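Colleague: Residue-level listing of the chains:
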Amino acid sequence: MPDQLLYAMEVSLNGLMAGIMYSLVALGFVLIFKASGIFNYAQGVLALFAALTLVGLQQGQIPFSHVINAIFGTELHSFGWTLPALVAIALTALVMVGLAWLIERLVLKHLVNQEPIILFMATIGLAYFLEGLGDVMWGADIKKLDVGLPQGISETIDAITFNAFGYGFFIDRLDIVAAVVAALLVASLTLFSQYTKYGRALRAVADDHQAALSVGISLRFIWVLVWSIAGFVALVAGIMWGSKSGVQFSLSLIALKALPVLMLGGFTSIPGAIVGGLIIGMGEKLFEFFAGPLIGGATENWFAYVLALLFLVFRPQGLFGERIIERV
Amino acid sequence: MNAMNPEGYVTSDGRKIGGVLMEMKNITLRFGGVKAITDISFDIREGEIRAIIGPNGAGKSSMLNVISGFYIPQEGEVWFRGKKRAPMKPYEVAQQGIARTFQNIALFEGMSVLDNIMTGRLTLMKSGMLDQAMWWGRAQREETEHREKVEKIIDFLEIQHIRKTPVGRLPYGLKKRVELARALAAEPKLLLLDEPMAGMNVEEKEDMCRFILDVNDEFGTTITLIEHDMGVVMDLSDRVVVMDYGKKIGDGPPDEVRANPDVINAYLGVSHD
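Protein sequences, first through last, are from chains A and B.
At position 98 of the first sequence the residue is numbered 97 (numbering that gives the first Met the number 0), and the sequence of numbers has no breaks.
At position 146 of the second sequence the residue is numbered 145 (numbering that gives the first Met the number 0), and the sequence of numbers has no breaks.
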């Protein structure tokens, strides 16, 4: 096989893997949008906040230590423990549930029956608030997140491909883990929403509020539930991105990369979020590989958005989104 | 009729009607300066088919919305099963055993008929969050159990053939039937039907009438329905409340109501002589 083709295959594989990472963020958007029609701008910040909390808890960092030290002149920094990764993850998941409850209590409850644009604005506010809160609670320095996920080149794939083609593919083991985790996440979310009573209640609320009330579903409970799940998905995304590139505040910007994914996949489709992520991931890598050298490179910065723009023009509901049909 | 036996009465066709299930006492409902309901009182008895009729804009739907908790009246009391009901949210009313259908049909359009009807049983499912998330024995057993009950209702309403069809694709008449099935699935103590026959052709109306009578007969469900088609209501119901411009102008068995001059005026207009 010609080298060029092999190299392109490796690039597209890596693109698929990167796409999975986008999908993880997009998934959180889809969940909230489906259940409540809210476009949650804060999803990326939720991932950042989850990652910050996870690192903080794991390393026994004292929350708000900067503030406490500044006010009382103390020198507090750490509880002096290191929690096992699984315990820290479980605790962070609980924090995310608590956060979901607070968001419902303090923000959403007061905005029932408001226009979508108002709710969207509220989530922008929420995003900035959470970013600030994360900063004050855990500090603004870049942190290393290590929950024991494998990293570095996968020797197995390198060996297999070398034997097959005489050219070893470079695939990061972390990306493989992310792909497996994303698959598990999507499978369990699908099963949950299709076969459990809460899943059914969730779909019911997404479909028709009034009808949902008439069969005895509490909207507030469902909203706490769906924000908790979105918080959990954000935690998973936070772990993956944090392990890959460290926990830093630019993490909240991955939300922007999730936007084109949503436009491709459709705002209301869980499989769409995955497929959209894969297409964007692979598309931007391949485009950079083939067209990059011809037009001066750095195409990865804009390729996804141009693709999304094309979709908006020709297929606004995305690949898997519900078509909007108004019966008259 | 005012001196009605508190223990109940026997209908003309020999059905036994029980004591008071729900009582509305001096209900007044306002929207801003507009009075939708003015000082209305009536009761609903166990096992009864109770109709609320009146011309368009009489306040029938508002009354139904008061019973089901979608509107909270400014004045008056709602008594249910011998207890005064505190103002509550619609979902809490549903959890108390009051199910309803809507005039304009409120179904989950994207979900299958079966899933729609299953949502009716949500309040009866007891397994908790953890059971459900893990899909352990209890949650699974429960699902099967409830599924069996739902299948019975599906058979009863003769909608077996559309069980897996997404509701959005169904014609109007069938949607009405699915909505009735969902309300029935909750095994309600009181079933509220908001214009169950609206927009139907004669054949569909006859079917719906039969189903309402069968439901009442088979499950002993207390039914309160709203209708503006006098003919249908008179055949169907045991007692009728007549409303006009938000006021009650008649209350009693169909024959009595039909002979009431106020009712005749409301429906046929007053002769100004």
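Mixed in with the good hints, there may be bad ones.
Claimed, not checked - Estimated spans, in silico, between C-beta atoms of each pair: (1) Arg146(B) - Pro292(A): 51 to 61 angstroms; (2) Leu311(A) - Lys125(B): 51 to 61 angstroms; (3) Gly32(B) - Leu101(A): 54 to 64 angstroms; (4) His109(A) - Val33(B): 24 to 34 angstroms.
To be verified - Some chain B residues well away from chain A (every beta-carbon gap over 10 angstroms; in silico): (5) Thr27; (6) Arg29; (7) Arg99; (8) Asp213; (9) Phe218.
Stated by the list, open to error - Here are some, though not all, of the chain B residues that point toward chain A, as calculated from beta-carbon distances under 7 angstroms: (10) Trp78; (11) Gly81; (12) Thr122.
Quick caveat, the hints were computed from the structure, so don't treat them as lab data.
Note that the structure is a prediction, hence the values are computed from the model and not measured.
Using N, Cα and C, we set each Cβ at its ideal position, and we do this for glycine too.
Colleague: Confirm or reject each hint.
Modeller: Right, here's what the structure says about each hint:
no. : hint                                      : verdict
1   : Arg146(B) - Pro292(A): 51 to 61 angstroms : 60 angstroms, holds
2   : Leu311(A) - Lys125(B): 51 to 61 angstroms : 46 angstroms, violated
3   : Gly32(B) - Leu101(A): 54 to 64 angstroms  : 39 angstroms, violated
4   : His109(A) - Val33(B): 24 to 34 angstroms  : 27 angstroms, holds
5   : Thr27                                     : 23 angstroms, holds
6   : Arg29                                     : 20 angstroms, holds
7   : Arg99                                     : 5 angstroms, violated
8   : Asp213                                    : 22 angstroms, holds
9   : Phe218                                    : 18 angstroms, holds
10  : Trp78                                     : 21 angstroms, violated
11  : Gly81                                     : 21 angstroms, violated
12  : Thr122                                    : 4 angstroms, holds
Checked against the numbered hints above, the structure violates hints 2, 3, 7, 10 and 11; every other hint is satisfied.
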